[in-house]
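Protein chains in written order, with my numbering: chain X, 1 to 187; chain W, 1 to 47.
Derived from the structure by calculation, the hints contain no laboratory data.
One should not assume that every hint holds.
For the chain W half of the interface with chain X, some residues (derived, Cβ under 8 Å), not all of them [what the hints assert, rightly or not]:
1) MET1
2) ARG2
3) SER9
4) ARG18
5) VAL25
6) THR28
7) LEU29
8) ILE30
9) PHE32
10) VAL33
11) ILE34
12) GLY35
13) GLY37
Just so you know, even glycine gets a beta-carbon here, dropped at the ideal spot from N, CA and C.
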Amino acid sequence: MVLLVGVIAGLLVGLLRAWLGKKSLSVPQLNWIWLVLIAFILQWLVFIWTVSSRILPDRWAAVTLIGTQLLLLAFAWGNRSKPGFILLEVGLILNFLVITLNGGLMPISPQTVTRLFPNASPGSWQIGERLATGKDIVLEEKDMRLGWLSDHFLLPYWIPYKVAFSPGDVLIALGAFWALAWPRSPE
Amino acid sequence: MRNIVRSLSLNAVKLDSRYLRLILVVLTLIMFVIGAGAPMIGGGFGG
Numbered sequence: 001m002v003l004l005v006g007v008i009a010g011l012l013v014g015l016l017r018a019w020l021g022k023k024s025l026s027v028p029q030l031n032w033i034w035l036v037l038i039a040f041i042l043q044w045l046v047f048i049w050t051v052s053s054r055i056l057p058d059r060w061a062a063v064t065l066i067g068t069q070l071l072l073l074a075f076a077w078g079n080r081s082k083p084g085f086i087l088l089e090v091g092l093i094l095n096f097l098v099i100t101l102n103g104g105l106m107p108i109s110p111q112t113v114t115r116l117f118p119n120a121s122p123g124s125w126q127i128g129e130r131l132a133t134g135k136d137i138v139l140e141e142k143d144m145r146l147g148w149l150s151d152h153f154l155l156p157y158w159i160p161y162k163v164a165f166s167p168g169d170v171l172i173a174l175g176a177f178w179a180l181a182w183p184r185s186p187e
Numbered sequence: 001m002r003n004i005v006r007s008l009s010l011n012a013v014k015l016d017s018r019y020l021r022l023i024l025v026v027l028t029l030i031m032f033v034i035g036a037g038a039p040m041i042g043g044g045f046g047g
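Excised from the complex, chain X in its bound form (with noise of 0.2 Å):
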């Protein structure tokens, strides 16, 4: 995922500075860590492990989203002292707002889904129909609330892998880069 090139980059930046600096590597202490634990979980549930996610209803799609982002919210708030964390809760602020405005699941519009799936089949997805097992739900710009915010930015066309993704998770990505990339404040 997009999102995992963010904390795979400042890992190896983090990595590469205390290897030049000939320092240890700082780590960051962490506070409820469970909290995170529960919210993937349960996406999981939901969203990725196909026998779960194929039979259980989109009103539990969206209420287990809006939920496990609330468990997020107050994980990031809880660590909003380390390096990065204010980006990462702003970045799921606007992530949550666009997608509790929208019924719960975040938005994308039929002519990013049409650029994602180019070949999907006739009928496979419809406007005003979550897109599949996903967190989104295919809607007419106009019929956004907060639009900009939902999923619209695609990676340029020469890039193999085709994915949309929001202006929060820009945020959440770069905050999770400065978390491992610089885990100290400047002093």
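With chain X fixed as given, assemble chain W onto it according to the hints.
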């Protein structure tokens, strides 16, 4: 579960294992970005 995570975290500190703490932090951030983010991945779709 909370106690398990707390126990794991405390043991990591007690052992003063920097690498174990790093793994814990990285895994936590990975789970966070997966949960907090909402990117939609393209490719093959539909039946």
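Against the structure, the hints come out as follows:
Because the smallest distance between the Cβ of W:MET1 and any Cβ of chain X comes to about 6 Å, under 8 Å, the interface hint for this residue holds. Contact between W:ARG2 and chain X, as hinted, is supported at the beta carbon level, the nearest pair being about 4 Å apart and thus within 8 Å. For W:SER9, the shortest C-beta to C-beta distance to chain X is roughly 6 Å, which falls under 8 Å, so the interface hint holds. Taken as an interface hint, W:ARG18 checks out: its beta carbon lies about 6 Å from the nearest beta carbon of chain X, inside 8 Å.
Interface hint at W:VAL25: satisfied, since its Cβ lies 6 Å from the closest Cβ of chain X, which is below the 8 Å cut-off. Taking 8 Å as the C-beta cut-off, the interface hint given for W:THR28 holds, the closest approach to chain X being about 5 Å. Contact between W:LEU29 and chain X, as hinted, is supported at the beta carbon level, the nearest pair being about 5 Å apart and thus within 8 Å. Below 8 Å, beta-carbon pairs count as interface contacts, and W:ILE30 has one with chain X at about 6 Å; its hint therefore holds.
Taking 8 Å as the C-beta cut-off, the interface hint given for W:PHE32 holds, the closest approach to chain X being about 5 Å. At about 4 Å, the closest approach between the beta carbon of W:VAL33 and any beta carbon in chain X falls short of 8 Å, and the interface hint on this residue holds. Against a cut-off of 8 Å between C-beta atoms, the interface hint on W:ILE34 holds, since the closest Cβ of chain X lies about 7 Å away. Among the interface hints, the one on W:GLY35 holds; its C-beta lies about 5 Å from the nearest C-beta in chain X, closer than the 8 Å criterion.
The beta carbon of W:GLY37 is positioned within 8 Å of a beta carbon in chain X (closest approach about 4 Å), and the interface hint is therefore held.
In summary, this structure violates none of the numbered hints.
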